[in-house]
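**Q** Use the sequences and the hints to build the structure in full.
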Amino acid sequence: MFQILIKEMKEFFREKTNLFFFLLFPVVLIFLLGNLLVSMDDAEETIGEIKMQYLIQTEDTYQIMAIEQFIGGIEDNKNIFVEKAENLLVAREMAGKDEITAVVVFTGEPLEINVYEGSDRIKNRTVGAIINGFVQMNRSIAAVINTNPSSLKEGVSTDETFIVQKDLGVNRTMLDYYAVSMVAMLCFMSIIQGAVAFVSERQDKTINRLFIAPQNRVLLFLQKILGIVPKVILQISVLMITSVVVFKAHYAATLMDNLYLFFMFLMVTLAMVSIGVVIGLLIKISPMAIIMPPLSLMMFFGGTYSKEIYIVGITDKMPNYQIQQAAFDLEIFGRSQMASSVILTSIIILIIMLAIGAFIFSKKEEER
Amino acid sequence: MSNYVTVKNLTKKYGELCAVDNLSFSVTKGEIFGFLGPNGAGKSTTLSAITTLISYDKGEITINGLDVKKDRMEIKQLIGLVSQDIAVYEHLSALENVKFFASLYGLKGSNLANSAKEALEFVGLSDKHNMKPKQMSGGMRRRLNIACGIAHAPQLIVMDEPTVGVDTQSREHILGAIKTLRDRGATVIYTSHYMQEVEEICDRIAIIDKGQMVACGNKAELVSLVTDVQSIFIETKLTNSAKMDEFKKKQKLMPDIKAISIEENTVRIDVSIEQNSISKIIEQFLILGLPIINIRSEVPNLDTMFLTLTGHELR
Chain S
1 MFQILIKEMK EFFREKTNLF FFLLFPVVLI FLLGNLLVSM DDAEETIGEI
51 KMQYLIQTED TYQIMAIEQF IGGIEDNKNI FVEKAENLLV AREMAGKDEI
101 TAVVVFTGEP LEINVYEGSD RIKNRTVGAI INGFVQMNRS IAAVINTNPS
151 SLKEGVSTDE TFIVQKDLGV NRTMLDYYAV SMVAMLCFMS IIQGAVAFVS
201 ERQDKTINRL FIAPQNRVLL FLQKILGIVP KVILQISVLM ITSVVVFKAH
251 YAATLMDNLY LFFMFLMVTL AMVSIGVVIG LLIKISPMAI IMPPLSLMMF
301 FGGTYSKEIY IVGITDKMPN YQIQQAAFDL EIFGRSQMAS SVILTSIIIL
351 IIMLAIGAFI FSKKEEER
Chain R
1 MSNYVTVKNL TKKYGELCAV DNLSFSVTKG EIFGFLGPNG AGKSTTLSAI
51 TTLISYDKGE ITINGLDVKK DRMEIKQLIG LVSQDIAVYE HLSALENVKF
101 FASLYGLKGS NLANSAKEAL EFVGLSDKHN MKPKQMSGGM RRRLNIACGI
151 AHAPQLIVMD EPTVGVDTQS REHILGAIKT LRDRGATVIY TSHYMQEVEE
201 ICDRIAIIDK GQMVACGNKA ELVSLVTDVQ SIFIETKLTN SAKMDEFKKK
251 QKLMPDIKAI SIEENTVRID VSIEQNSISK IIEQFLILGL PIINIRSEVP
301 NLDTMFLTLT GHELR
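Chains as they are written, first to last, in the numbering used here: chain S, 1 to 368; chain R, 1 to 315.
The reader is advised that the hints may include incorrect statements.
Computed list of lysine-lysine pairs in DSBU-like fashion (alpha-carbon distance at most 35 Å, straight line) [as the list claims (entries may be wrong)]:
no.	chain 1	residue 1	chain 2	residue 2
1	R	LYS134	S	LYS364
2	R	LYS237	R	LYS248
3	R	LYS179	S	LYS364
4	S	LYS363	R	LYS117
5	R	LYS108	R	LYS70
6	R	LYS117	S	LYS10
7	S	LYS10	R	LYS128
8	S	LYS97	S	LYS78
9	S	LYS363	R	LYS237
10	R	LYS8	S	LYS205
11	S	LYS363	R	LYS8
12	R	LYS179	R	LYS108
13	S	LYS16	R	LYS8
14	S	LYS51	S	LYS248
15	R	LYS249	R	LYS219
16	R	LYS219	R	LYS280
17	S	LYS364	R	LYS70
18	S	LYS205	R	LYS179
19	R	LYS132	S	LYS10
20	R	LYS108	R	LYS134
21	S	LYS364	R	LYS13
22	R	LYS29	R	LYS237
23	R	LYS58	R	LYS69
24	S	LYS10	R	LYS108
25	R	LYS13	S	LYS205
26	S	LYS16	R	LYS248
27	S	LYS364	R	LYS29
Calculated from the structure, these hints are not laboratory results.
**A** As structure tokens, this is what we get:
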């Protein structure tokens, strides 16, 4: 019963290419991508002090009040310091020399905001975000005024805390993103493993020896599949454990969620293996040539290599993107609905593909 | 002797192409049955049908009284296949390969270990049991291929060109091993392009061409299909022509002698294969005082037979 399983494991561990592609390569990718982009995280964490000067040149009383309220609200005297500029030219010169982060000039009617920035890209982005906040708030108020001005007089409270921060338990970095995207990539690359399992038997001509053995073909087929299961469990485990232990990546906050996440990845991988098996039974050429091009495109558009790649109408349709989303939903918010859908879909695919594969395998004749 | 394999009116078509056309033959238990034919003759297709690897359109195949179509599992247990292609796992050692394939036939534990060890010993690879196929020479890989096909002690061994591309030493080892298998009671169906091999080891030979049986029998039976004459060449010293004339006169009285010709000191005498009178000829030479320096006989070999029967060469 287990002879094929043992044989598969021996072959897997003795083939150096397998060890590289399925164990070492994803770990190295997490390290490379995670560390390459983790520097961006570091930059965001060390924005440092934002020193802004502002000048109000508008004469709109309402706008002046709004600006002063807003500036009063953002100044925390810890990281963000805001003061009135005495002279625009002097202030601009200071920004040019990076003595202050930026000078913001509120002018005209309707209001126009001019920002004179220094050279620190990260700090400039922060100033842009702050000013953008003001603009959005201003638009919201204008919208309320136009629709229901009296509502502004009622129930306005300045003491309420509008932002409630929720601690998600971990300090997330880009490594966390790549840890998930690499596991998702590995899941999909398992298609190759499924295909190779049968193509290699055919190429080695050993498949005919299996065919003439007094064994039930369906059981033989299932044993081959069973032989792949320990390998994929090992791959996912190695990748998840290495990324946590070595690279300090985070998955879900609780053990149960992590186990559920692992189970989801396992089911997806097995579904992919079963698809690969059917492909391997049907094609006569190298499975890499058939599988890798669409797989690479899917991973590229699905955001495996970068979270910055998002094309509306394409990215969110990619299976790997959906699996990543399900994983993030479980990891960050502890919501398992998407993961459950992924698991269910994977099981359905697995059953259908195994049935098709078993049928093809049982009907196969001699391979020459 | 009972028939172990019986093939009756076997027909296999691939689309319009009829690979095997109404082929019938039988293989006796414990014999080495040679299967000869050019490429595309239908040899491999027939063997594949016998080994359950392919289905067939018409006809009937029985092995040890079991029907190939109805009793597949029982039949598979009886068969060992040594294919033309070396079918082994490159990442497993010789012993692991043999053990794996034998385990598919239900062998377990010490029984499995002993069978695998014996099979490797049988093909002369016992000292190479830890070696992987990629580290082996062509001949060694061929021998490993045989070990994988026979470790479960099959009663019927189907060998499809098992000596292709091997060195003389390995070939001799393989041919010796096949004879030993036969002597142990196994029935062997053997195909090869090497006529000499087939002549050497096969008890009976079937010649097929274009999917049809051309001839089947032991070597003498096949020879009788193409000629009934055997040539005897006697080298002597023809110093006295009168003696030779006298010899010719006497030979005329022997009805099985078809013709006599003389070239230098060699006398060629064509005699009937069935009534081989070589001893009488030698006796006449001695009576007449003609010395016999050398004597040899010649019958058509398989190449000649094949050419005569099919109209073209084997390859």
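**Q** Next, verify each hint and record whether it holds.
**A** Okay, the hints, checked on the actual structure:
no.: 1; hint: R/LYS134 - S/LYS364; verdict: holds (28 Å)
no.: 2; hint: R/LYS237 - R/LYS248; verdict: holds (15 Å)
no.: 3; hint: R/LYS179 - S/LYS364; verdict: holds (34 Å)
no.: 4; hint: S/LYS363 - R/LYS117; verdict: holds (34 Å)
no.: 5; hint: R/LYS108 - R/LYS70; verdict: holds (27 Å)
no.: 6; hint: R/LYS117 - S/LYS10; verdict: holds (20 Å)
no.: 7; hint: S/LYS10 - R/LYS128; verdict: holds (19 Å)
no.: 8; hint: S/LYS97 - S/LYS78; verdict: holds (22 Å)
no.: 9; hint: S/LYS363 - R/LYS237; verdict: violated (72 Å)
no.: 10; hint: R/LYS8 - S/LYS205; verdict: holds (29 Å)
no.: 11; hint: S/LYS363 - R/LYS8; verdict: holds (24 Å)
no.: 12; hint: R/LYS179 - R/LYS108; verdict: holds (28 Å)
no.: 13; hint: S/LYS16 - R/LYS8; verdict: violated (50 Å)
no.: 14; hint: S/LYS51 - S/LYS248; verdict: holds (34 Å)
no.: 15; hint: R/LYS249 - R/LYS219; verdict: holds (33 Å)
no.: 16; hint: R/LYS219 - R/LYS280; verdict: holds (25 Å)
no.: 17; hint: S/LYS364 - R/LYS70; verdict: holds (17 Å)
no.: 18; hint: S/LYS205 - R/LYS179; verdict: holds (26 Å)
no.: 19; hint: R/LYS132 - S/LYS10; verdict: holds (13 Å)
no.: 20; hint: R/LYS108 - R/LYS134; verdict: holds (27 Å)
no.: 21; hint: S/LYS364 - R/LYS13; verdict: holds (17 Å)
no.: 22; hint: R/LYS29 - R/LYS237; verdict: violated (50 Å)
no.: 23; hint: R/LYS58 - R/LYS69; verdict: holds (11 Å)
no.: 24; hint: S/LYS10 - R/LYS108; verdict: holds (19 Å)
no.: 25; hint: R/LYS13 - S/LYS205; verdict: holds (23 Å)
no.: 26; hint: S/LYS16 - R/LYS248; verdict: violated (79 Å)
no.: 27; hint: S/LYS364 - R/LYS29; verdict: holds (30 Å)
When held up to the earlier numbered hints, the structure conflicts with 9, 13, 22, 26 and fits the remainder.
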